Every structure is written in C-alpha cells, then in structure tokens.
Amino acid sequence: NLAAVADAEGAAFIFISTDYVFDGRNPPYSESAKPNPLNKYGMTKADAEQAVLAVKPDAIVLRVPVLYGGEEHVAESAVSVLCQLLNDASKLVKASDYEVRYPSHTQDIAFIIVQLAERRLQDPGVSGVYQWCGLEPLTKYAMVRTIAQAHGMSADHVAADPEPSGGATRPRDTRLEHGRLQQLDIGRHTPFAQGVAGFAAFLRSS
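Every number in the working numbering is 630 more than the matching position in the sequence shown, counting from 1.
Think of the hints as simulated: they come from the structure by calculation, not from any bench.
Fair warning: there could be bad hints in the mix.
Simulated pairs of lysine to any residue, SDA-like, Cα-Cα distance not exceeding 25 Å [what the hints assert, rightly or not]:
#, residue 1, residue 2
1, Lys-664, His-703
2, Lys-670, Glu-706
3, Lys-675, Asp-786
4, Lys-664, Gly-758
5, Lys-675, Val-685
6, Lys-724, Ala-663
What follows is a set of in silico ranges between Cβ atoms, one per label pair, in the way DEER data are often shown [claimed, not checked]:
#, residue 1, residue 2, range
7, Lys-670, His-787, 43 to 53 Å
8, Ile-644, Glu-706, 34 to 44 Å
9, Leu-751, Ala-638, 12 to 22 Å
10, Pro-792, Ala-638, 17 to 27 Å
11, Val-711, Gly-782, 19 to 29 Å
12, Ile-644, Ala-798, 20 to 30 Å
13, Val-711, Asn-631, 48 to 58 Å
14, Ala-747, Gly-782, 34 to 44 Å
15, Ala-663, Gly-796, 36 to 46 Å
16, Asp-753, Gly-782, 29 to 39 Å
17, Ala-831, Ser-662, 34 to 44 Å
Note that the structure is a prediction, hence the values are computed from the model and not measured.
Just so you know, even glycine gets a beta-carbon here, dropped at the ideal spot from N, CA and C.
The task is simple: from the sequences and hints, build the whole structure.
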C-alpha cells in the first residue's frame with residue numbers, strides 16, 4: 631500500500647480521485663459532501679479515498695472531473711473519443727446532451743498537483759480532500775460542437791440526444807466546488823476550445 635509506505639517514511643502522499651464519487655443529483659458538491667457513487671468506478675474511488683485517509687490521515691485527496699489533453703490515440707480519453715463522431719459527416723449520429731461534465735486539461739491538473747505538493751512541503755497542514763473541475767459546463771453534444779468549431783468542421787450531422795449515455799450509469803451533474811484550493815490561491819483552467827486544438831491528428835478533415 632503506497633499510502634502506508636509514504637506514512638512510514640514521513641512522505642507526502644497525493645491520491646487522485648474523481649467527481650464520480652457523487653451521484654450528480656444535488657450539485658455543486660463541497661469537499662465535505664458525502665460521497666454517493668452510482669457506478670463501480672465511483673464506488674472503487676470512494677472506497678480508495680477512505681482507505682488512503684485511514685492509513686495516512688494527512689494525505690491529500692484530489693478529486694478531478696473528466697480529463698483530456700496529451701492523448702496518443704483517439705480513444706484514450708472520454709473527450710478525445712468524441713472526435714470519431716465528426717469524421718464521417720455523411721452519417722447521422724447522436725451525442726448525449728444529458729450529463730453535464732466539466733472537462734479539465736491534463737496540464738492544468740498537473741499544475742495544480744505540483745502547486746499542492748509545494749504548499750504541502752511548506753505547510754504540513756495542507757491535507758485532506760481538495761477538488762478541482764473545469765469552469766465550463768459541457769455535455770458530450772456541446773463538446774462535439776466545440777471541437778468541430780475549433781477545427782473548422784461541420785457538426786450538422788450530430789444530433790443532441792436528451793437521453794443518458796449508454797453503458798454504466800453516470801451522474802447527471804457533478805460540479806465540484808474548489809473553495810479549499812481557492813484559499814491556497816491554486817487553480818488553472820484552459821478554455822475548452824483552446825484545449826481541444828491538440829485533437830487535429832484525430833480528425834480526418836481538420
């Protein structure tokens with residue numbers, strides 16, 4: 631157990647968790663809100679949070695939303711995979727306009743992690759649960775349209791689907807409050823339209 635090793639060595643420990651520890655019924659969620667995950671992924675993360683803090687009470691848990699940026703292949707993230715909906719404009723497709731996400735660029739999260747680690751070195755009281763999410767509420771449909779616009783492509787063949795996404799049950803809206811990070815003056819947000827500029831390699835007509 632890495633958290634136990636870190637505790638034995640007196641080292642700081644940062645555990646990355648997810649907004650999916652919440653059910654999405656009553657956003658926004660504070661750092662102290664009680665987790666109530668809807669799917670296996672969220673349950674696993676919620677259990678892991680408790681396990682980490684049980685063996686290392688001064689650990690840092692950082693909850694983040696859906697991430698994108700730096701993908702090497704199109705299906706690597708839940709955001710980059712949406713590019714596949716744009717590559718054949720002759721085919722009518724649907725994108726969920728139901729779940730609201732707050733995509734965050736991986737470079738932003740990396741910046742926040744470094745900032746947290748540096749603050750922890752200065753102040754051992756920097757511990758417990760912290761949260762960050764992107765500042766733009768976007769459904770999959772809105773993401774697809776933004777990606778298309780950023781690359782000069784048409785998304786007219788993509789229809790908004792008012793129904794929940796298929797597969798595992800997903801929370802409707804898991805907007806995270808990030809007051810504890812704000813108190814530390816930590817945070818960074820890359821505008822989504824700017825962040826998806828790196829998707830050119832995944833788009834046939836970009």
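Hint check results:
1. For a cut-off of 25 Å, the pair hint linking Lys-664 to His-703 is broken: about 35 Å separates their Cα positions.
2. Our distance criterion of 25 Å between C-alpha atoms is met by Lys-670 and Glu-706, whose separation comes to about 20 Å.
3. Among the hinted pairs, Lys-675 with Asp-786 is inconsistent with the structure: their alpha-carbon atoms are about 37 Å apart, more than 25 Å.
4. A C-alpha spacing of about 14 Å is found between Lys-664 and Gly-758, which places the hinted pair at or below 25 Å, so the restraint holds.
5. Annotation: proposed proximity of Lys-675 to Val-685 holds, straight-line Cα distance about 16 Å (limit 25 Å).
6. For the proposed pair Lys-724 and Ala-663, the alpha carbon gap of about 34 Å is over 25 Å, so the pair is violated.
7. For Lys-670 paired with His-787, a C-beta distance near 33 Å fails the hint of 43 to 53 Å.
8. Checked against the given bound of 34 to 44 Å, the beta carbons of Ile-644 and Glu-706, roughly 22 Å apart, lie outside it.
9. With their beta carbons about 19 Å apart, Leu-751 and Ala-638 fall inside the hinted range of 12 to 22 Å.
10. Distance hint check: the CB atoms of Pro-792 and Ala-638 are about 52 Å apart, inconsistent with the given range 17 to 27 Å.
11. Checked against the hint of 19 to 29 Å, the pair Val-711 and Gly-782 passes, with Cβ atoms roughly 20 Å apart.
12. Judged by the Cβ atoms, the range 20 to 30 Å given for Ile-644 and Ala-798 holds: they are separated by roughly 26 Å.
13. For the pair Val-711 and Asn-631, the beta carbons lie near 33 Å from each other, so the given range of 48 to 58 Å is not met.
14. At about 39 Å, the beta-carbon gap between Ala-747 and Gly-782 stays in the expected band of 34 to 44 Å.
15. Evaluation of the 36 to 46 Å hint for Ala-663 and Gly-796 yields a failure: the beta carbon distance comes to about 27 Å.
16. For the pair Asp-753 and Gly-782, the supplied restraint of 29 to 39 Å is violated, since their beta-carbon distance comes to about 47 Å.
17. At roughly 41 Å, the beta carbons of Ala-831 and Ser-662 sit within the given window of 34 to 44 Å.
The structure does not agree with the numbered hints 1, 3, 6, 7, 8, 10, 13, 15, 16 stated previously, though it agrees with the rest.
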